[in-house]
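Asks: The primary structure of each chain is shown beneath.
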Amino acid sequence: MNLTIFLLALFDGISYAALVFIVALGLTLIFGVMRILNVAHGSLYAIGAYATVSLTGFFLALGFAPVFAFPLMLVSAVLVGVLLGGPIEWLLLRRIYDKPEVLQLLVTFAVFMILEDVQRLVWGTQPYFRASALQALGNVTLFGVTYTVYQLILLPLVAIGLLFGLRFFLRHTVIGKLILATTEDREAAQSIGIDADRVFLFTFVVGAVLAGLGGALASPTTSILPGMGADMIVLSFAVVATAGLGQIGGAAIAALMIGLGRSFAVYVWPEVAVLVPYLIMVLVLLVRPEGLFGSPVARKI
Amino acid sequence: MSDISQHSTSRGAVKSGGMPSLRALLTLLAVLLLAAVPFIAPSMQLLINLALAKGIAVLGVTVLLRAGQVSFGHALFFGISAYAGAFLMASLPAADLILVLIAGVIGATLSGLLVGLFVVRYRGIFFGMLNLAFSMIFWSILEKFYHVTGGADGIRLPRPTVLGMALERAGFEAVIFYLSIALMVVLGWFTLRWFASPVGQVFQTIKTNETRLEYLGLSPKRVLLSGYLLSAILCGVGGSLMAMTQGVVTPEYVWWVRSAEMVFIAVLGGAGSVRGAFIGALIYEIVRVYASAYAGDIWQMLLGAFLLVIILFAPGGIMGIADGLMHRGGKSLTSTRENAE
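First to last, the sequence lines map onto chains W and R.
Going by my numbering, the first sequence opens with residue 39, and the numbers climb by one from there.
Going by my numbering, the second sequence opens with residue 1373, and the numbers climb by one from there.
Quick caveat, the hints were computed from the structure, so don't treat them as lab data.
Since the structure is predicted, the reported quantities are computational estimates derived from the model, not experimental observations.
Treat each hint with caution, since some may be false.
[Stated by the list, open to error] These stretches of chain W come out as covered by chain R in the derived footprint (C-beta under 8 Å, 3 or more residues):
(1) 59 to 68
(2) 130 to 141
(3) 268 to 277
[Said to hold, decoys possible] Quick list of in silico lysine to aspartate or glutamate cross-link-like pairs, DMTMM-like style, CA-CA up to 20 Å:
(4) Lys215/W x Glu225/W
(5) Lys137/W x Asp223/W
(6) Lys215/W x Asp233/W
(7) Lys215/W x Asp235/W
(8) Lys1593/R x Glu139/W
(9) Lys1516/R x Glu309/W
(10) Lys137/W x Glu225/W
(11) Lys1579/R x Asp136/W
(12) Lys1593/R x Asp50/W
(13) Lys1516/R x Asp233/W
(14) Lys1516/R x Glu1624/R
(15) Lys137/W x Asp235/W
(16) Lys1593/R x Glu1582/R
(17) Lys137/W x Glu1582/R
(18) Lys1579/R x Glu139/W
Every residue gets a Cβ at the ideal spot worked out from N, C-alpha and C, and that includes glycine.
Use the sequences and the hints to build the structure in full.
Replies: Following this line, the structure appears as structure tokens:
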């Protein structure tokens, strides 16, 4: 392996890790606060990607500049969060917080099945590809390797920004502290006047927006087809499980490990590239069953 | 005084003797009705056969539901068993049907042991999702290593011989059909006995209180592993039967949609009910065949919506509803008798 291939694999890994991290961040945030694993998260990711492609296609056809694709990504992500995430929490999850974990899992899984067909009904089964945002930013040459600015600089910047933004938001703003208080002890939080229902709704919408944003940002780099949601939920679960459920900072490191592992495998042994994320997850969980940064939960007897 | 005691014994007799015998009678009738399908409705034979194969696999998922665990990846064992059979037929043409079945079960058992040793350390979310991850891994192996596995087109599974005889299509289909029914009865009975056995009882404690299990000095992991192996074997038998019925195995056997379908049928039939698994599978297959003509595009959406309705409003599934009706019937019977007395 020469330096060029090494750098290519490194850059691939970083840009891929950034995307996966953004999606996994939403998944782990929702789990951390609400103790629910949202299987439909993968569908929200896919719908975010589809919505971005449709919106940019529509507006660029009207004669807007390609740079306009960026605000449209944000718009799609927020639409996904508010129009899908909001009703899912409000109509469904709210009824099942006191139910067994398995039932909660089944409910979000049912939503996942529904949304997979919704995608097919709205966007059909043909692949979409629209790279206007990718082309708008051009290329950069680093150590003799030319790579797109979008993937090498923008995606990691967004991921790092979200990581630190979310940490700041949770620790230093009033709403963030309300969320942390509700996470710590829902009943105690309610007894001092925190509207836990609204906190949960807000958290879920934010998590869904992150899923949609991940899809929106991924849309210029890959062709969008049915089934991408199923792949992404398993992959982002692998990241979240490797890090430890609910660990935000840990998810970033796990995403990097998995992203880099996968991209190096693409150059060394392409057949097994898809398996690498899961192999990493299984290896980590064999040694640390709670994930890299998770701590064993005290058991209630 | 004596009146009251008599009353209570008679009611006890109804509960312990009357209801199960009614249930056994209904089960027997249903099995006989199924066995008569090739004569009454030959056009339904293939459909029912597929439903039975699926039902045996669903029974595997049902076993895990008894321990309060749900697996979103049990199609893994369904597929491994089917591929094991196909590989056997490829290397050993005209192998016997029993051999194909045994190869499938061995494949499912070994992979169940391997995956099981890992996943029994987890419960709930992790258990469900790690199973899903394993099935996705196997699915990508099937798709990527196409020179071995045939990729998305899969492998043909030629018709095996039956006890040394090469049968024609119709004869072979009849053999598979009655084999499926026999396996349904035997495996269903075995699973019921297993639930009632000490291991099975302990296994179901994982749902209610695992910590107390450890106080008894038992290892929950080992107990869960035994149930996991049973569930993998059941899925394997289902997969083998399905593969021999269809004559071809594809990666679709392992695809998460297949696992989701199994979970759906298990919940539809009645979470944890052995009979429910088969009733659910039969209803599901029959509805699917007729509905897919009209609602093929939104089939998964319908399943998802229906799953939500069951979980939120009828958590007992079909068997729960049937039990409720029976119970109500029994109650009104005793109450009228009380009035008469």
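Asks: A separate judgement is required for each hint: does it hold in the structure or not?
Replies: Hint check results:
no.: 1; hint: 59 to 68; result: violated (count 0)
no.: 2; hint: 130 to 141; result: holds (count 7)
no.: 3; hint: 268 to 277; result: holds (count 5)
no.: 4; hint: Lys215/W x Glu225/W; result: holds, 15 Å
no.: 5; hint: Lys137/W x Asp223/W; result: holds, 17 Å
no.: 6; hint: Lys215/W x Asp233/W; result: holds, 13 Å
no.: 7; hint: Lys215/W x Asp235/W; result: holds, 15 Å
no.: 8; hint: Lys1593/R x Glu139/W; result: holds, 19 Å
no.: 9; hint: Lys1516/R x Glu309/W; result: holds, 6 Å
no.: 10; hint: Lys137/W x Glu225/W; result: holds, 16 Å
no.: 11; hint: Lys1579/R x Asp136/W; result: holds, 16 Å
no.: 12; hint: Lys1593/R x Asp50/W; result: violated, 40 Å
no.: 13; hint: Lys1516/R x Asp233/W; result: violated, 50 Å
no.: 14; hint: Lys1516/R x Glu1624/R; result: holds, 14 Å
no.: 15; hint: Lys137/W x Asp235/W; result: holds, 16 Å
no.: 16; hint: Lys1593/R x Glu1582/R; result: holds, 10 Å
no.: 17; hint: Lys137/W x Glu1582/R; result: holds, 18 Å
no.: 18; hint: Lys1579/R x Glu139/W; result: holds, 11 Å
Hints 1, 12, 13, counting from the list given before, are not met by this structure.
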